[in-house]
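Enquirer: Chains as they are written, first to last, in the working numbering: chain C, 1 to 366; chain D, 1 to 963; chain S, 1 to 194.
Among the hints, erroneous ones may be present.
Stated by the list, open to error - Here are the simulated SDA-like pairs of lysine to any residue, each with C-alpha atoms no more than 20 Å apart in a straight line: (1) LYS57(C) / LYS874(D); (2) LYS57(C) / ALA133(S); (3) LYS166(C) / GLN64(S); (4) LYS874(D) / GLN45(S); (5) LYS806(D) / ARG792(D); (6) LYS229(D) / GLN64(S); (7) LYS73(C) / GLN857(D); (8) LYS166(C) / LEU177(S); (9) LYS229(D) / LEU177(S); (10) LYS57(C) / GLN45(S); (11) LYS73(C) / PRO30(S); (12) LYS166(C) / ALA65(S); (13) LYS73(C) / ALA273(D).
What the hints assert, rightly or not - Across the chosen pairs, the derived CB separations fall in these ranges: (14) GLU876(D) / GLU93(C): 35 to 43 Å; (15) ALA872(D) / MET249(C): 26 to 34 Å; (16) ASP603(D) / GLY146(S): 35 to 43 Å.
As the list claims (entries may be wrong) - Not everything, but these chain S residues come out facing chain D in the computed CB check (under 7 Å): (17) ARG3; (18) ARG12; (19) ILE14; (20) CYS16; (21) GLY18; (22) ALA22; (23) ASN25; (24) GLY44; (25) GLN45; (26) MET154; (27) THR157; (28) ASP166; (29) ARG173; (30) ARG179.
Honestly, the hints are just simulated from the structure, not real lab data. Beta carbons: idealized from backbone N, C-alpha and C, even for Gly.
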Amino acid sequence: MAKSKMSKTKRRKIAIWSTVLVLSLSLALPLASYSIHWLGMSASAQDAKAVENPRNKFWNQVRDGTAGYSAVKGEGANVLMQPGGENWRQFRESPLLTMVPWAIVVMAVLLLLYHLLHGKNRLDVNGLSGRKVPRWNTFERLVHWVTAFSFIALAITGISMLLGKKLLIPLLGKAGFASWAAISLNVHNIIGPIFTIGIALMIIMWIWHNFPTVVDLKWFAKGGGLFGKAHPSAGRMNGGEKVWFWILMTLGVAVCISGVILVAPIYPQITIPGLDAARSMMQQASAVHAIAAVIWTAIALGHIYIGTAGTEGAIEGMATGYVSEEWARQHHDIWFDKMQREGKVLLPGEPRGAQSQAGTVYSRNT
Amino acid sequence: MKLKKKQQAERSNATPAPAGLLGEAINRRTFLRNSGITAGGAALAFTGGPSMMKKATAASTSPQAGVETEVIRSVCTHCSVGCGVMAEVQNGVWTGQEPDFDSPINMGAHCAKGASVREHGHGERRLKYPMKLVAGKWTQVSWDEAMGDITDQMMKIREESSPDSVYWLGSAKFNNEQAYLFRKFAAMWGTNNVDHQARICHSTTVAGVANTWGYGAMTNSYNDMQNSKAMFFIGSNAAEAHPVAMQHILKAKENGSKLIVVDPRFTRTAAHADQYVQMRPGTDVPVIWGILWHVFENGWEDKEFIQQRVYGMDQIREEVAKWTPDEVERVSGIPEATLKQAAQTMAENRPGTIVWCMGGTQHTIGNNNTRAYCAMQLALGNMGVSGGGANIFRGHDNVQGATDMCILSHSLPGYFGLSDGAWKHWSGVWGLETDWVRSRFDLDSYEKVKDKDVPTINRPGMPVSRWIDGVLEDPENIAQKDNIRAMVLWGHAPNSQTRLPEMKVAMEKLDLLVVIDPYPTHTAILPDRQDGMYLLPACTQFETSGSVTASNRSLQWRHKVIEPLFESLPDHTIMAKFADKFGFKDQMFKNIAMNGEEPVIEDVTREFNKGMWTIGYTGQSPERIKEHMEHRATFNEVTLKAEGGPLDGEYYGLPWPCWGTPEMKHPGTPNLYDTSKSVADGGLNFRARFGVEHEGTNLLAEGSYSLGAEIEDGYPEFTADMLKQLGWWDDLTDDEKASAEGKNWKTDVSGGIQRVAIEHGCAPFGNAKARAVVWTFPDPVPIHREPLYTPRRDLVADYPTYEDRKSHYRLPTRYASIQADDYSKDYPLIHTSGRLVEYEGGGDESRSNPWLAELQQDMFVEINPADANNIAIKDEQMVWLEGPEGGKIKAKAMVTNRVGRGVVFTPFHFGGHYEGEDMLAKYPEGAAPYVRGDADNTTMTYGYDSVTQMQESKVSLCKITAV
Amino acid sequence: MARMKFLCDADRCIECNGCVTACKNEHEVPWGVNRRRVITLDDGQPGEKSISVACMHCSDAPCQAVCPVDCFYTTDDGIVLHDKNLCIGCGYCFYACPFGAPQYPQQSSFGARGKMDKCTFCAGGPEDDMSQAEYEQYGRNRIAEGTLPLCAEMCSTKALIAGDGDEVADIYRERVLRRGGRPQTWGWDTAYEG
């Protein structure tokens with residue numbers, strides 16, 4: 001009985017301390033071998049060192065990629081062997097890079113299935129009032145579309161270069177594919193920087209609208225209205241758009257920065273001061289670039305679908321800058337209410353120019 | 001089939017692949033068919049240039065398919081190793097270079113310079129046309145106009161001053177024939193103011209070594225080092241200066257030979273050494289005496305050898321006794337154990353050889369250093385044996401030959417000197433009256449020797465190292481009529497000379513400055529002149545032919561690869577042009593036929609064959625040298641002896657002395673003073689050059705003689721009288737008797753005396769002891785003297801330099817008055833200099849070769865990390881290096897442990913900048929080298945050897961500051 | 001069947017750069033591109049060693065594995081060559097190569113590297129053997145002429161050896177036996193067995 005009377009607190013103490021003990025021992029025991037060294041018991045180890053081939057140090061240095069002197073100048077010229085190359089090659093041939101592109105296919109299939117099974121998300125009303133709400137100003141639309149088309153061009157050329165060896169050479173032949181790959185590379189090199197500027201502008205323009213709020217949680221709880229009839233509340237940006245923004249903010253930035261590193265004229269012949277290890281940096285950049293870009297492309301398919309075929313009336317906003325009152329009410333009710341209060345909703349036939357400044361007065365808190 | 005190479009002799013080194021493998025090897029056609037490539041241009045559309053190769057260049061110098069290819073055998077024009085070059089020529093264009101596996105010297109190998117000599121056929125940055133400075137601008141002129149202007153001015157100077165006011169500065173880049181003609185040309189102009197780079201390269205070696213045992217040359221050969229059991233390098237960085245020699249050295253090492261490297265720097269050669277000894281620059285004598293101290297202490301000297309063949313070793317022993325291990329460490333910084341180990345290695349591994357280069361020679365006591373090295377080899381009994389000897393690596397490709405032809409202010413060809421007898425001998429060879437030759441000179445006397453007036457014809461002219469002073473010194477102080485007023489730099493890089501700021505002033509003061517060179521050189525940009533300056537394009541040695549003497553005294557024939565590029569001309573043609581203008585062409589070319597404007601080079605060879613009896617340049621007729629080139633595959637790579645073939649038993653290149661006439665077929669002498677062979681088979685003994693006795697001591701050898709000598713003891717040099725005394729006179733033919741009467745082995749132009757002496761197994765030059773003490777030199781026993789600019793002020797009292805001298809080679813020469821001042825406070829670092837493998841000499845040629853220039857693009861200075869930290873300098877930072885005489889240079893800091901603490905090192909190949917400024921605009925258009933930089937000699941200072949006027953460019957002081 | 005290999009004997013190499021300029025000479029390689037280079041570790045310190053390195057013509061060549069346009073091919077001799085007509089100058093081979101062999105001519109256009117250039121083992125490229133087109137793009141084809149790479153043939157100390165792997169190994173083994181010590185066939189693990 002006494003045992004069973006052991007207090008709850010005591011049991012908790014035992015549990016905590018035993019956990020701590022197990023954890024600390026598990027850390028300490030593997031380190032115990034070092035104590036042999038500390039205690040000066042590693043005589044045999046030292047002997048082994050003494051009879052070591054004196055040239056070992058040199059060959060170890062070589063294997064470690066230690067830099068030396070070379071009269072030939074250029075990136076990596078003073079390194080005999082770079083271990084990073086083998087890692088990079090393994091990465092290129094790894095399942096990571098061969099499997100990840102399937103994400104694009106999976107995404108495409110899912111969207112197709114959704115579209116077939118669920119169909120387009122239509123407006124719940126019959127007939128439109130004709131009243132319009134200004135949603136994207138001209139500059140925003142310009143940036144969006146330049147970036148969007150750039151993205152498509154980059155995705156196509158990028159995937160061509162990534163997978164062309166397997167997918168396109170059998171179709172085009174080596175010479176044919178080489179021509180396309182050369183075009184792809186140049187397109188990528190020229191459009192990439194433009195795209196990067198677009199991404200940067202988007203972040204500056206829209207970051208204030210994309211901090212998550214409680215409303216977004218509810219929006220997600222209701223599945224964003226993708227399934228069923230419910231239309232969860234949303235401000236100017238709904239939860240889904242915010243997620244897309246933060247993907248752009250993370251993957252997009254990663255792709256752009258790594259891309260700039262790859263496209264920047266760090267020729268192997270030039271060592272840029274401060275960038276001593278341009279080659280290893282480029283290896284890492286290309287890894288980041290490939291993985292992030294492929295995932296991003298897969299997700300972008302979803303964005304494209306929702307913005308075009310998936311949602312009735314969505315394309316209108318980015319195409320014309322205005323959305324219908326009904327669309328706004330259905331997808332962004334909180335924002336619509338605000339716009340209405342502020343008298344920003346245009347009556348049918350009202351000239352749009354009058355509201356040209358609409359984009360600048362959006363509330364940051366909606 | 002090109003793959004035959006030297007498989008039989010060189011199995012372990014050549015890398016032949018069986019022909020059969022290669023024949024069926026590459027089958028890219030199959031690959032192409034399978035991959036279905038059609039040569040599509042589309043792929044090229046976007047990614048820039050169509051191909052990486054420069055089409056323009058490729059079209060002009062690339063090999064063309066289906067065009068007949070001629071393979072021409074030549075010799076590399078960079079260093080003294082003498083590597084064979086195989087040039088492939090199509091339609092007169094040098095389109096390819098193949099390894100010369102047949103050459104026993106290099107066996108196909110080349111260093112960076114040798115592997116890129118084909119660029120000479122591109123010549124993009126060459127001096128292409130005669131140029132004249134008009135109002136500060138280079139203007140293209142015709143050869144005729146340039147020659148007319150120059151010779152008119154020279155004749156004017158000759159009349160106003162004297163022939164001595166024109167200085168003829170020749171070159172070790174000349175082949176033997178051109179070198180010989182150049183010395184003859186200066187004589188006909190009437191001056192001894194003629195010199196070349198040997199003065200600032202190995203003059204102290206030649207003087208020191210020749211005065212020790214007879215001849216001033218490398219005694220053995222690169223190849224023979226494979227027989228060495230120990231190799232002692234001091235002041236030589238063969239891995240960078242003579243890379244192909246390393247092939248033999250490393251083979252020797254692999255066969256168990258011990259390699260010791262003594263140097264202030266941990267050089268690329270030191271990296272391969274068994275023992276590296278770091279010394280303070282300028283302490284060679286203490287180091288050698290420190291080693292000999294251990295040798296004598298332990299009785300490791302070769303007593304029998306010394307007794308039989310060495311004079312004066314006791315005096316050396318006395319001096320060595322002063323150099324106790326403690327004192328050696330105090331002066332040189334080397335601990336006792338280190339030197340004892342080196343001494344023991346040398347004692348236990350005989351025969352051992354010693355190698356030295358500019359690290360030993362370029363000092364105010366250079367002649368002491370070289371004689372100390374000799375003394376060490378004599379004490380160890382390492383002389384006159386295969387695997388031993390003093391292997392003095394010379395610098396330029398033909399510096400040995402140019403020295404032998406005596407483009408030197410103190411001698412006529414063959415080291416005959418400037419005595420009346422020498423003039424008589426050579427006038428005879430030239431077929432001229434001695435009086436006519438004399439009449440060309442200023443026959444007044446400007447200095448007394450032993451209270452007797454001596455005309456300039458018998459007095460040494462100014463050395464190249466001092467021509468600056470010949471221009472700038474008060475004419476009252478110089479032993480000729482007037483200052484130097486016209487300079488001809490004929491194949492000379494001024495940036496290889498010290499005191500460049502003063503040279504700039506001198507160049508500006510001259511009435512006339514002429515550069516004759518394939519490149520404009522640093523001279524073109526150094527002075528700020530408006531006029532009175534000409535650049536004349538000489539062609540390179542690949543655009544002419546002639547013989548060239550490698551460091552091991554072997555002569556090789558350099559066949560012409562291509563015709564001279566642009567408007568350049570061969571040097572001997574330019575000499576003929578001058579002679580013509582000066583009016584002594586008929587005399588100068590009396591025995592030499594002309595092919596148009598060009599003297600026939602073989603006739604020149606034949607002429608010097610008739611006069612060079614002293615050092616045996618008489619047996620190497622052009623025909624014999626060419627035959628050796630043709631059959632070079634038959635020579636053994638270690639012994640250099642032909643094994644079978646038409647030249648069976650001869651040594652490659654007929655290394656001099658190749659006694660007697662060509663008809664005598666002497667095989668050449670592979671190793672000097674080697675008594676194990678008969679003289680007829682290339683054996684020798686030490687030369688009887690210094691008399692038969694000195695102060696009552698016998699100088700002739702005792703009980704030592706070359707194999708088969710009929711005089712089984714020492715004997716003096718052969719004369720006609722001696723032949724008669726020996727009863728050998730009648731062995732001469734009647735013609736020989738007529739020629740030999742009253743003559744000696746050096747002056748009998750029939751060669752009879754030499755022939756008979758050798759027939760009786762004797763060396764024509766006698767059989768004597770080597771002398772370890774040169775009583776005619778300022779320091780008979782080599783002693784240590786601190787450099788003029790020394791950081792060790794505490795040693796100056798114990799080891800002071802010489803007193804200033806009033807006239808040394810016509811010029812006052814300062815020693816003590818410079819050493820008296822302490823510069824070490826403001827200039828705390830020792831500044832030393834040396835070579836890089838990619839460049840040669842002043843570097844104008846190699847820095848104009850893009851294949852080489854790309855590899856060394858910046859002038860740099862090596863600084864020890866500790867010194868760099870003291871002055872807060874980081875690696876690759878630009879710094880100013882300033883010398884105590886005020887010159888300064890800008891260079892990139894290379895922080896490295898290669899140099900010891902307190903020592904900085906700079907390469908001397910850079911030029912084209914002056915005190916930090918790029919002088920690109922001062923070059924003629926399109927003729928500037930690809931790489932330019934400050935010349936380190938801008939900061940190198942005063943200091944000249946007491947015997948030869950060798951410049952001190954291995955020890956100076958400097959300070960370094962951040963830019 | 002010959003298997004062409006390079007071997008650099010670190011105990012012989014003196015960093016004279018003869019191999020570098022021999023290559024420049026033979027193929028008229030422009031400034032900025034170096035198919036071969038010499039690297040010195042522990043420069044200026046005891047233990048200093050130099051090694052000449054170029055394309056090692058690997059058995060399982062990383063460049064070939066990562067090339068997006070598949071422009072590399074291995075000859076029957078084991079020589080790894082590439083087709084410049086296919087190359088797009090992406091730089092992947094440079095990232096992957098353990099030896100830093102791929103080189104790119106410097107071009108002014110933004111981001112473009114130009115077509116990759118590397119050591120061909122003096123075996124040219126896919127164009128007709130010893131044709132002008134082959135010379136202009138890849139340099140001379142010594143293998144077709146029946147000779148070996150010039151860098152090795154001209155090596156000043158015979159440190160760099162090229163040729164059939166078995167023969168190269170024999171030459172080297174003989175040297176090692178003479179010197180004593182273990183063989184140090186630099187780079188062979190990575191290039192040929194790895």
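Enquirer: Classify the hint on ILE14(S) as holds or violated, based on whether any CB of chain D lies nearer than 7 Å to its CB.
Expert: holds (4 Å)
Enquirer: Given the hint that LYS73(C) pairs with PRO30(S), test it: the Cα-Cα distance must not exceed 20 Å.
Expert: OK: LYS73(C) and PRO30(S) at ~14 Å, within 20 Å.
Enquirer: Does the structure keep LYS166(C) and ALA65(S) at a Cα separation of 20 Å or less?
Expert: Status holds; Cα separation ~12 Å.
Enquirer: Does 26 to 34 Å hold as the CB distance between ALA872(D) and MET249(C), or does it fail?
Expert: For ALA872(D) and MET249(C) the Cβ distance comes to about 45 Å; the hint is violated.
Enquirer: Hey, does the MET154(S) contact hint survive, CB to chain D under 7 Å?
Expert: holds (4 Å)
Enquirer: LYS57(C) and ALA133(S): Cα distance at most 20 Å?
Expert: Measuring from Cα to Cα gives roughly 46 Å; hence the hint is violated.
Enquirer: Kindly confirm whether 35 to 43 Å is satisfied by the beta carbon distance between ASP603(D) and GLY146(S).
Expert: Check passed, 41 Å falls within 35 to 43 Å.
Enquirer: Let's test the interface hint: is any C-beta of chain D closer than 7 Å to that of GLN45(S)?
Expert: The hint holds - GLN45(S) has a Cβ within 7 Å of chain D, the shortest such distance being about 5 Å.
Enquirer: Does ASP166(S) pass the interface hint, meaning its C-beta sits closer than 7 Å to a C-beta of chain D?
Expert: violated (10 Å)
Enquirer: Does LYS73(C) pair with ALA273(D) here, judged by a C-alpha cut-off of 20 Å?
Expert: violated (28 Å)
Enquirer: Against chain D, run the beta carbon of ARG12(S) and see if the smallest gap drops under 7 Å.
Expert: holds (6 Å)
Enquirer: Tell me if the interface restraint on GLY44(S) is satisfied: Cβ within less than 7 Å of some Cβ in chain D.
Expert: Because about 3 Å separates GLY44(S) from the closest Cβ in chain D, which is inside the 7 Å limit, the hint holds.
The structure is inconsistent with the numbered hints 1, 2, 5, 6, 8, 13, 15, 17, 28, 29, although it conforms to all the rest.
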